[in-house]
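Novice: Construct all of the structure, not just a fragment, from the sequences and the given hints.
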Amino acid sequence: MAVLFVANLKILLRDRLGLFWALVFPIMFIGVFALFNLDAPPEVNIAVVNESPGSVSEALIDNLTSVKMFKVKAVDDLQAARLDLKDGNYDMVLLLPAGLGQNVEAKATVFYSEANLVTNQVALSALSSFVDEFNLQAASATPTITLQEEPTSTRHIRYMDFLVPGILGMGVMSYSIMGVATSLVTYHEKRILRRIQVTPLPVAAFVIAQVGAFLVISVLQTGVILGTGVLAGAHLPGNFVWAIPITLMGNIVFLNLGIVIAAASKTVAAASGMANAISLPMMFLSGVFFPTEQLPPFVEKLVQFLPLTPLLGALRTVLLDNESILNAGGDLALIGAWAVAMVLLASRLFKLE
Amino acid sequence: MAVSESPLGGACHSGMPNEELPLEEWVVEVESLVRRYGDLTAVDGVSFRVRRGEIFGIVGPNGAGKTTTLETIEGLQTPTSGSTRVLGMDSHRQAAEVKELIGVQLQASAYFDFLTLREILGLFGSFYRRRLPPQELLARVGLQDKGNSQVIHLSGGQQQRFSIIASMVNDPQVLFLDEPTTGLDPQARRSLWELIREIRQQGTTIVLTTHYMEEAQTLCDRVAIMDYGRIVALDSPERLIEGLEAPFNLRLHLSTAVDADRLAVAGVGRVSVNGEGQDREYRLQVASVTDSLPPLLDRLAECKAQILDMEVEKATLEDVFLALTGRQVRD
Chain A
201 MAVLFVANLK ILLRDRLGLF WALVFPIMFI GVFALFNLDA PPEVNIAVVN
251 ESPGSVSEAL IDNLTSVKMF KVKAVDDLQA ARLDLKDGNY DMVLLLPAGL
301 GQNVEAKATV FYSEANLVTN QVALSALSSF VDEFNLQAAS ATPTITLQEE
351 PTSTRHIRYM DFLVPGILGM GVMSYSIMGV ATSLVTYHEK RILRRIQVTP
401 LPVAAFVIAQ VGAFLVISVL QTGVILGTGV LAGAHLPGNF VWAIPITLMG
451 NIVFLNLGIV IAAASKTVAA ASGMANAISL PMMFLSGVFF PTEQLPPFVE
501 KLVQFLPLTP LLGALRTVLL DNESILNAGG DLALIGAWAV AMVLLASRLF
551 KLE
Chain B
71 MAVSESPLGG ACHSGMPNEE LPLEEWVVEV ESLVRRYGDL TAVDGVSFRV
121 RRGEIFGIVG PNGAGKTTTL ETIEGLQTPT SGSTRVLGMD SHRQAAEVKE
171 LIGVQLQASA YFDFLTLREI LGLFGSFYRR RLPPQELLAR VGLQDKGNSQ
221 VIHLSGGQQQ RFSIIASMVN DPQVLFLDEP TTGLDPQARR SLWELIREIR
271 QQGTTIVLTT HYMEEAQTLC DRVAIMDYGR IVALDSPERL IEGLEAPFNL
321 RLHLSTAVDA DRLAVAGVGR VSVNGEGQDR EYRLQVASVT DSLPPLLDRL
371 AECKAQILDM EVEKATLEDV FLALTGRQVR D
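So the sequences go chain by chain: A and B.
Start counting the first sequence at 201; every next residue gets the next number (the working numbering).
Start counting the second sequence at 71; every next residue gets the next number (the working numbering).
Don't take each hint at face value.
[Claimed, not checked] Label-pair ranges, simulated between beta-carbon atoms:
{"id": "1", "chain 1": "A", "residue 1": "225", "chain 2": "B", "residue 2": "217", "range": "47 to 57 angstroms"}
{"id": "2", "chain 1": "B", "residue 1": "95", "chain 2": "A", "residue 2": "202", "range": "33 to 43 angstroms"}
{"id": "3", "chain 1": "A", "residue 1": "470", "chain 2": "B", "residue 2": "346", "range": "42 to 52 angstroms"}
{"id": "4", "chain 1": "B", "residue 1": "302", "chain 2": "A", "residue 2": "225", "range": "20 to 30 angstroms"}
[Unchecked claim] With a straight-line cut-off of 30 angstroms between C-alpha atoms, the simulated DSSO-like cross-links for lysine-lysine are:
{"id": "5", "chain 1": "A", "residue 1": "307", "chain 2": "A", "residue 2": "273"}
{"id": "6", "chain 1": "A", "residue 1": "268", "chain 2": "A", "residue 2": "286"}
{"id": "7", "chain 1": "A", "residue 1": "501", "chain 2": "A", "residue 2": "210"}
{"id": "8", "chain 1": "B", "residue 1": "216", "chain 2": "A", "residue 2": "390"}
{"id": "9", "chain 1": "B", "residue 1": "216", "chain 2": "A", "residue 2": "210"}
[As the list claims (entries may be wrong)] Facing chain A, a subset of chain B residues (Cβ under 8 angstroms, in silico):
{"id": "10", "residue": "146"}
{"id": "11", "residue": "174"}
{"id": "12", "residue": "206"}
Simulated from the structure, these hints should not be mistaken for lab results.
We treat Cβ as the ideally placed atom computed from N, Cα and C, and that holds for glycine.
Specialist: See the structure below:
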């Protein structure tokens, strides 16, 4: 059995294409996402049409300019500015009408493009509060509301922090499903399983040794992906050691799913097609790249039962939220249920004839 | 792969089973074996026994039931009825014990990518209680320098020889070879015949299937000829051929074309004509050349045909199959 296990490990370690999918491919994902500066605050280009020169408007413009996300540009022609807004050259146009600060009727107005609404939502609310305050000041001469920044104690989670545990789950899933499904079908096609059948070794022992070798690679995979994630700037305060039992549990689910796929496929192409058809949608639905909270509520409820969702949940609980593995108990129970179901299904379906 | 490259080249000679075999021991016993797949009866009541130390061939066209018979003996397939025994043990009820003692080379089976020859032999050896060192096995087929290569880097003949030693990692008492030379060029095939004889020489009983009649005739001590799931004849190739009504072939090239029926003079069995024009060859099965030649010459004189070329040869196993089934083995 030891010889068999070592042989399987050698096969996996010498299979460069397989290792590419296990290690390099997830790292590429992390690298590509690191290129996008997803955590930088959006930049908002504001054209200010100042028709009311004076200390009041100057003060407002100064205030605006001091906000980091606003790029303020003074323009003269409101109509031209609104056309530019339509073309997307500006995100917003702020009109300071004549008599601002003297005439109660003269109110500062914000123009924005609805096409830009989503990206500008944050900026719009910030600018609106500026303008509202100003209008109020202008009307009553005394500020009734003052905004104060309230620093909170909650740690700011950046996208990379969210992504890296997701990529780890994705890597574990795709390598296990694809690796086992294609190798078993290849062994069947090359009649290697039949060849083992004529020896005293039970074929189940061969499959178990192969699963064991995949688990070793999985530990390697966990280290490489988390290490790369940290190098790419992910801040994961949790204890990485907890990631190992969690990914191993996930592996039991996905390796057995791979065996089920192998049992249902006649050719390698069919096996890899089926593996992709299962793992690609799950990758998006289970929240590798985006939180599942962003899905429609009923879909969100459904995807909680996919095997990848609790795996990602448990990984983020221990790595991102720095909580004890016991707090991921619900997720682990769900993974465990999937593991039992998949082992039973795999041992029932995987026959040699 | 040239024969001379093999350390076994010329080391042994083909021959009859050891006549002085002190006690006849049956290492394989097949009794009334039937194997059905739904409506198809692949094996239809086959019985035979294999002696220790012989090369036993199961021959016949593709689809005759050879592989099914072999795989049932090996324990890979379950008989519908009847029994198969190896070394006195039932190959299904005592499958684990039987598997320890036999070696099996499957038809068109391959080995692992990414493992070296030595690693594969070590791996398969680890499945058995008794095992031979990989280097010794490699040396037997002249692959001792290839121990660290992978299977894909071997030639077709080398792959086939490796596949045979890989089925001998447990030093088996009986070796089963399913179509061992299919797909090999004639030189590699001859080299493999030498290897098989050499293995037998060292005391291993060999049961093989083939659809090459020439191979069965030169290699096997006894053959079972199968057709449509049944054994139609079983004996040594020599005796099967001698048993023919017309055990000789007379091959003629004539100066002018003659109707085949006209050549069927006394003592001439089947007449077949192959080729056209200059290459047209008449093949006459005859019981005795000396008896048939005078009337044949008379007939050719009547037809005003002259013999350009004449060859006499002993009939082959191919002729036996033709005589038994009325068909040729050719796929």
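Novice: Going through the numbered hints above, which ones does this structure break? Give me the numbers in ascending order.
Specialist: Of the numbered hints given earlier, those the structure breaks are 1, 4, 7, 12, listed in rising order.
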